[in-house]
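Peer 1: For reference, the chains in residue letters:
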Amino acid sequence: MIPMRTLVAIAALFGLAVATPLAAAPIKIGMITTLSGAGAGMGVDIRDGFKLAIDQRGGSLGGVPVELIVVDDSQDVENAKEIANRMLKRDEVDIVTGIIWSNLVLAVVPTVTRAGKFYISPNAGPSALAGKNCQPNFFNVAWQNDNLHEGMGQYVTDKGFKKLYILAPNYPGGKDALTGFKRFYKGEIIGEVYTTLGQVDYAAEIANLRAAKPDAAYFFLPGGMGVNFVKQYAQAGLMQEIPLFGTAFSFDEDILRAVGEAALGVVNTGQWAWDLDNPANKVFVKAYREAHGRTPSLYVSQGYEAALLLDSAIAAVKGNLSNSDAFRAALERADFQSVRGAFRFNHNHFPIQNIYAREVVKIGDVVTNRLIGTVFTDHQDAYAAECAM
Amino acid sequence: MTAQLFLEQTLNGLQQGVTLFLLAAGLTLVFGVMHLINLAHGTLYMVGAYVAATVTQISGNFLWGVIAAVAAAGLTGAAIEIIALRRLYDRGHLDQVLATFGVIMFFNELVKVLWGPQALFLSPPAILSGTVEVIPGVPYPAYRLLIIGVGLAVALAVRQLITGTRTGMLIRAGATDREMVGALGVAVNRLFTRVFAIGAMLAGLAGAMAGPLLAIEVGMGEHILILTFVVVIIGGIGSVRGALVGALLVGLVDTYGRAFLPVVLRGVLSPTAADGIGASLSSIAIYVLMAAVLIWRPRGLFQAYG
Chain C
96 MIPMRTLVAI AALFGLAVAT PLAAAPIKIG MITTLSGAGA GMGVDIRDGF
146 KLAIDQRGGS LGGVPVELIV VDDSQDVENA KEIANRMLKR DEVDIVTGII
196 WSNLVLAVVP TVTRAGKFYI SPNAGPSALA GKNCQPNFFN VAWQNDNLHE
246 GMGQYVTDKG FKKLYILAPN YPGGKDALTG FKRFYKGEII GEVYTTLGQV
296 DYAAEIANLR AAKPDAAYFF LPGGMGVNFV KQYAQAGLMQ EIPLFGTAFS
346 FDEDILRAVG EAALGVVNTG QWAWDLDNPA NKVFVKAYRE AHGRTPSLYV
396 SQGYEAALLL DSAIAAVKGN LSNSDAFRAA LERADFQSVR GAFRFNHNHF
446 PIQNIYAREV VKIGDVVTNR LIGTVFTDHQ DAYAAECAM
Chain B
19 MTAQLFLEQT LNGLQQGVTL FLLAAGLTLV FGVMHLINLA HGTLYMVGAY
69 VAATVTQISG NFLWGVIAAV AAAGLTGAAI EIIALRRLYD RGHLDQVLAT
119 FGVIMFFNEL VKVLWGPQAL FLSPPAILSG TVEVIPGVPY PAYRLLIIGV
169 GLAVALAVRQ LITGTRTGML IRAGATDREM VGALGVAVNR LFTRVFAIGA
219 MLAGLAGAMA GPLLAIEVGM GEHILILTFV VVIIGGIGSV RGALVGALLV
269 GLVDTYGRAF LPVVLRGVLS PTAADGIGAS LSSIAIYVLM AAVLIWRPRG
319 LFQAYG
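Protein chains in written order, with this note's numbering: chain C, 96 to 484; chain B, 19 to 324.
Since the hints were made in silico from the structure, they are not lab data.
Beta carbons are placed, not taken as given, at the ideal position from N, Cα and C, and that holds for glycine.
No incorrect hints appear here.
Pulled a few chain C residues facing chain B out of the computed Cβ check, cut under 8 angstroms:
| hint | residue |
| --- | --- |
| 1 | G136 |
| 2 | N265 |
| 3 | E287 |
| 4 | D296 |
Derived coverage of chain C by chain B (criterion: at least 3 residues anywhere in the stretch with Cβ under 8 angstroms from a Cβ of chain B; other residues may be distant):
| hint | stretch |
| --- | --- |
| 5 | 125–132 |
| 6 | 300–312 |
| 7 | 315–326 |
| 8 | 329–340 |
Work the whole structure out from these sequences, hints included.
Peer 2: Right, dumping it as structure tokens:
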């Protein structure tokens with residue numbers, strides 16, 4: 096395993112060294128993402144999705160060769176800022192992308208946009224960038240943070256759950272999540288808990304949750320936090336007692352590999368599902384399965400679509416990014432076949448899209464998600480009205 | 019709040035406390051006997067967790083995983099002491115902090131190379147994956163009960179080691195007056211290696227026991243190291259008894275804080291404000307505890323065997 100890894104690294108280095116001089120003025124894209132620690136699964140998936148799209152186009156996007164620089168931010172705000180500065184000044188990237196976490200995005204985006212460059216978010220979509228402070232050079236291709244939670248709020252209301260216990264980490268993404276959920280949940284909230292970001296043990300919170308006797312529990316804990324929580328929730332014997340609901344972030348393919356059958360039957364919301372029936376999605380899922388031997392996660396689809404968006408916009412301006420206004424207009428058109436079906440940008444550069452309900456099932460030996468319905472059609476975020484763009 | 023919930027949270031606090039004790043016991047001995055600030059103690063916890071996960075997966079038996087983890091952490095600890103730390107005993111604390119921080123970075127990278135950057139997961143053994151009703155009406159995870167049991171058993175064993183064996187006598191003597199122990203003809207170097215390896219094995223055990231509850235990831239040792247230092251400072255540097263009392267205090271205060279502060283605040287504030295402020299306050303509760311203890315007893319709750 097180690098020699099193989101090293102070989103691949105060496106091959107990649109040589110590949111770059113050989114490819115760069117041949118290519119005429121490649122477009123440089125800086126990807127800052129989380130590749131170590133508990134959040135590594137998400138960063139790896141976004142990177143792999145993005146790379147898949149580039150590979151399908153023979154190393155280019157929009158017909159122009161692309162140089163992708165990937166750096167691990169280790170989920171650290173200071174680290175991410177430093178990497179962004181280095182990418183802008185030393186590497187002279189044209190576009191920055193990749194960040195998972197809202198607190199990191201809020202720190203990095205001003206640096207990027209002040210330098211006149213573009214930030215394409217394949218994940219984090221904090222409310223602070225969707226409303227009054229929306230940015231001309233910021234695009235989110237995935238969702239506004241609240242969206243999937245709004246979908247779950249609606250779903251839980253529709254299913255008639257009257258008393259809910261809700262839980263999220265204490266950071267901008269966590270607050271957005273519960274705000275979004277409450278915007279569409281019409282029942283009573285009997286407990287609202289914010290945990291420390293990166294917390295690993297949830298025994299105290301789970302004991303309180305059981306004692307509160309809710310009809311159901313809703314939680315948002317991205318990455319390794321969610322794995323710990325679901326495992327501990329199942330170990331406490333609560334899965335059968337109090338139904339658990341979450342977004343696709345908590346029950347995505349990578350998490351299900353770790354949690355396994357403990358999660359069977361859980362319903363979660365996503366803007367995408369691997370079994371969505373459209374031609375672009377079929378091509379995408381097939382290509383990813385061939386390359387990686389497993390079903391893509393939500394994050395893979397988001398990384399992939401960030402690259403598809405860039406592909407369409409770079410093609411529209413014929414690789415000339417010097418005219419920012421033209422490039423921005425091309426991005427706004429979002430002229431590509433989305434793997435989630437209908438997709439377009441709102442005026443605040445956040446998506447207008449469907450939100451789907453998915454259920455955790457076992458197909459053969461694999462625990463995975465199955466599409467079970469549409470919660471919202473052409474859903475837009477609650478902050479767009481405040482954006483003057 | 020019901021009595022059952024309070025008891026259940028007490029169990030949770032105890033479980034967190036004994037895990038912290040396993041780490042703090044080694045750290046406080048190294049601190050007290052060797053006068054060494056060892057930031058790399060959390061690294062041995064990480065090594066324990068990774069080895070436990072790997073060996074459990076290969077052998078299919080969690081017990082083998084734990085044994086291998088303790089052995090691997092002990093060997094790693096002895097190697098770190100012999101190769102790196104031995105050179106630092108006569109240096110100042112700043113040099114020790116820098117060097118042991120380097121050890122952290124080395125092992126974090128090594129683990130990334132060997133196991134990859136993504137987190138590993140380990141399930142508790144099948145017989146312990148269910149729940150037990152120790153408190154009527156409150157099913158409690160069996161595996162967490164095992165951790166409490168193992169932690170308390172180890173605390174007794176360490177007490178026996180310190181008070182009832184020759185090594186323990188030398189450790190106590192070393193903590194009191196290191197120079198005199200050397201002058202009386204004890205091979206201090208070998209004693210130090212032994213102390214360090216014992217501490218490392220306890221840290222490895224803590225890591226192995228935590229594995230089935232948590233995601234096993236690079237950097238997991240740094241998260242818990244800060245809490246461990248708080249425990250050592252509260253308990254008194256060099257005192258194993260202090261480490262036990264301090265660890266249980268920190269475990270209970272942290273758990274009670276997280277569990278009950280927001281509920282208490284809801285009595286006086288609006289729910290949203292109470293939840294937000296409660297979350298922030300409970301995350302600093304243990305530091306408030308530390309400050310209070312230090313005001314009352316500037317050298318910690320217990321003095322090393324002086």
